[in-house]
Amino acid sequence: MKLTRDEQDMLEGKEGRAKQRAMELLVQYGEALGAERFVDTNNVHLLIGFYPYPQMVTPRDSDELISKFLLDTDERIVVDRVKSFNTTHIWAIDLERWQVMEASESLHELMEVIKKYCIRTGVSITATCTPYQIGNVPTKGEHCAWTESSAVPFCNAVLGARTNTEAAHSAFAIALTGKVPLSGFHIDENRLGTHLIDVELDVNDVLEWYLLGYFAGEVCQLAVPVYQLKHAITPNISMLKALNAAGASSGGVMMYHIIGVTPEAPTLEAAFGGKKPKEVLSYGPAERRQTYENLNSATDERVDLVNMGCPHYSLEQLRDVARLLEDKKVHENVDLWIWTAHQLKAIADRNGYTDIIAKAGGHLLTDTCPLNTNLFPKGTKIVATDSAKHAHYAPAIGGVDVWFGTMEECIDCAITGKWRGELK
Amino acid sequence: MKLTRDEQDMLEGKEGRAKQRAMELLVQYGEALGAERFVDTNNVHLLIGFYPYPQMVTPRDSDELISKFLLDTDERIVVDRVKSFNTTHIWAIDLERWQVMEASESLHELMEVIKKYCIRTGVSITATCTPYQIGNVPTKGEHCAWTESSAVPFCNAVLGARTNTEAAHSAFAIALTGKVPLSGFHIDENRLGTHLIDVELDVNDVLEWYLLGYFAGEVCQLAVPVYQLKHAITPNISMLKALNAAGASSGGVMMYHIIGVTPEAPTLEAAFGGKKPKEVLSYGPAERRQTYENLNSATDERVDLVNMGCPHYSLEQLRDVARLLEDKKVHENVDLWIWTAHQLKAIADRNGYTDIIAKAGGHLLTDTCPLNTNLFPKGTKIVATDSAKHAHYAPAIGGVDVWFGTMEECIDCAITGKWRGELK
Amino acid sequence: MSQIVLKGRKAVGGTAEGEALVTKQTISTWGGVDAVKGIITERRHELRGQSFAGRVLVFPSAKGSSGWSTVAQVIRLAGNAPKAMIIGEINSLTAIGAVVMQVPTVTDLDQNPTEVIATGDWVKVDADKGIVEVTKKG
Amino acid sequence: MSQIVLKGRKAVGGTAEGEALVTKQTISTWGGVDAVKGIITERRHELRGQSFAGRVLVFPSAKGSSGWSTVAQVIRLAGNAPKAMIIGEINSLTAIGAVVMQVPTVTDLDQNPTEVIATGDWVKVDADKGIVEVTKKG
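Protein chains in written order, with the numbering used here: chain R, 1 to 424; chain A, 425 to 848; chain H, 849 to 986; chain S, 987 to 1124.
Same shape as in the complex, but just chain R (with noise of 0.2 Å):
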């Protein structure tokens, strides 16, 4: 790669032990990408606080632990400031209620120690996987380098912003450094659309919107679907989350269009830049028909988990799950988890929608995601979700099976402890 005088002084360790290892970590990553030069980047999406594997943790000294864990090094580095503005993603637990999960004390503690280390070291503790819904709202171009497969479609597609999907590793060594090597989704010509998906049907709910994206990962993979919508209708941020969490779950669609809706696709042969699509596709009653049944798993109606909120709920959907469950009881067998971030959450609190859910039986949960390995509560094998990210993510990591349906039919199913959802 070819590196600029600042990048070579800290590559030389000039600016310090930690930005030297970080470029070190970076000039290895850009070259596997086969990247040439490095692009400045003040915004960077974190994943710093989930350990999947807890258990491989040992270190409690902050420092060692972040050298070994996101610098990949034995050797003690210690950070001063991380240079970027930053959020961070999901954490390994609620950081307040992790008892209603079940966690360890342990795991509570790794928590506590990283949190003192992201107040050291200027890192932001937002915990979500869902930045933009918490201030982190990149301009259109802006070089982003995010975590967070749901959300990078989020800044790429629909603001326009420019990031790959990074890695805890990746992530944290640029928002040391303020740089991002240049590859990928940070250049035009990899923005273009690939294949045209002729959607027949109206894609008029998040439900919809999941199937859409969840086709769609499934037949496009690394591409860039272009989306032609036969019936008009620009989708809000509920509907887009959905499309997001559900491409990048089948698939890795990092990168779309929506003709006429999002801001590089104002006409197709923009949104293909004047090229002819590699395949075309299209979208219909058989097709979505086949996505629902992959996303449901399940054959037992009797419903342990419903699992809701991911990602993390938007303010929409926080009130909608709200009037569903007022005045309302979950069935006794039934654990009721939503997800959202902490900062919705506050608004939650303030508009009464935490004691509805809380009244009715059911969590109101932060800051980690529902799909954390070994956390669903003990004996759970049904979960029932309205998120197809959850049903495409659940079976592999809790070892559950799943039934995916509307928020409505989730919330009926927590009250009556039985899934009855069904395609409409």
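Note that these hints are calculated values from the structure, not bench results.
Each computed BS3-like pair below joins lysine-lysine, with the alpha-carbon atoms no more than 27 Å apart:
#1 A:Lys426 <-> H:Lys977
#2 S:Lys993 <-> R:Lys278
#3 A:Lys783 <-> A:Lys802
#4 A:Lys802 <-> A:Lys842
Interface residues of chain S toward chain R, partial, derived using beta-carbon atoms under 7 Å:
#5 Gly1017
#6 Ala1021
#7 Thr1027
#8 Arg1029
#9 Ser1051
#10 Trp1054
#11 Ile1082
#12 Val1086
Quick reminder that beta carbons are idealized off the backbone N, C-alpha and C, glycines included.
Starting from the structure of chain R, add chains A, H and S where the hints point.
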């Protein structure tokens, strides 16, 4: 206006008196605008908790109160549920720290009455001038109805969504019915640029974007400026917040384009829709200097109040201001008020920013507007701020003189008690 | 005494007449007007310190804050409303502001009202017909 | 026993050889792999239940979660790393994942590796030179 069946039904009272009264107001409003029809919206930013003349607000029955002040009638109308997804703009006081502001007990009681009303009717108590920082991020092309003049250009220009500057009355009626008159920036042709501004200078920080926006507002008033940057930069959310707030203070800039940055302006041709600019203006050193002078109304360097976070500080600004205050003490003659959204304060709390500010002797305040009538600390004569919006309004609202400068200069002033800012 | 007739369209209906108060500058009611005193307070505004109560307010449009109609309503409740408003180019703020101020308002005139009308002229507004009759002062 | 030579480029340097484990499906390590057991766990994945430890993993690329390198590192620490990786089209997740897995990795090959190589083939990877030698099974 031409009404659809459902609109006609509402106007005839078939969906209750509240929606009927809202439609009455909206039809009058639409006719005043010269609109021909309505368009649907599910995204409203309401102004419901703000009463700049609380002495005029007598009723304490919330239905009577809202009927009088938002539905503009002496009839007592009971609202069941508002229809649209919504957030709320600032309220009259910090809902928790109102005593710091020396607000009256009766104003606090008024807020409690309205809070209960909001919870009952489905109004989100978000209480911020920056809805886009707390989860209300509209999609390009989405029809919205937002109050708050600094938020409107974020919706229009930055995100490419569509809104006029709604006021308290119109926004409430729109939220009740889900209908907004199709006029102004909801219509393609009104979004095109009118004035070209050649920006000769490097605009690379918040202060520079404030100055540029204040200049543009003054010369363009209600027009649609198109910024052509000689030195390319992608401004981030903090910078755009500054541009938007300034342009909506000296003028009424509700839509603009930055060529190569904002979503409707990939090129100069696109920004102007192929037409010629009505005017071409240059922004150089002389314009910058004059704008700075216009914003600075103070001569006495002894400052009583340093007021920051207008509009509500971003996450990045909260981090930066906390860094500047670390281990510092605010001067005994100075009050330091820093404003943000309740939800972002939740992050500031976790990250230790709130503690740092408190330890230094400052206050981190939320929910209301630092420009709130009559709520400066008693005896305040000279105010320092890093906000051009604040510098614009504070003299008329509080009868004070204002220094305007950078965040660093404001914190220096808070610590030393003296204004030492200058245009560099 | 010369007379001029302007033709525009109704924004809010009704008729009224009175002495004109004219500005070529946009107005922000919130943060630019003291509603209870009924005067303009914006620091660098050409009408700073002047009262619009009981006069016919002629101005190009609204700028600034979305508090426009909130303050407009208080202006009315405090008894400080103008007799009528003539607005060069109506926008969302002035439109709902005029509705809640409940005064006859015209806009979209065939001549620029802030150029044709001067402060002190006598103005008759028939908003229903969209007609403004101006009797020049002196 | 037929031999095939593929030419690509180094992603992460080093040399290694071993038996191939090939999939035409993308892999998500987080939520699709048990790092401690070293097996693929994704519900509808064609390699579900199979172990990549000590083999040469041949796959088109990463999909899914940004937890890729987090899990990749645990795979290494748990002693379950593959001997080498051959990646059809490297992306951000597989690039940093290969760096922290610390195994020889090649990409951008002149033939599609998931078509040319079959599970059970013996594969020699010289990542520094970007060369892959495949000895077909049987």
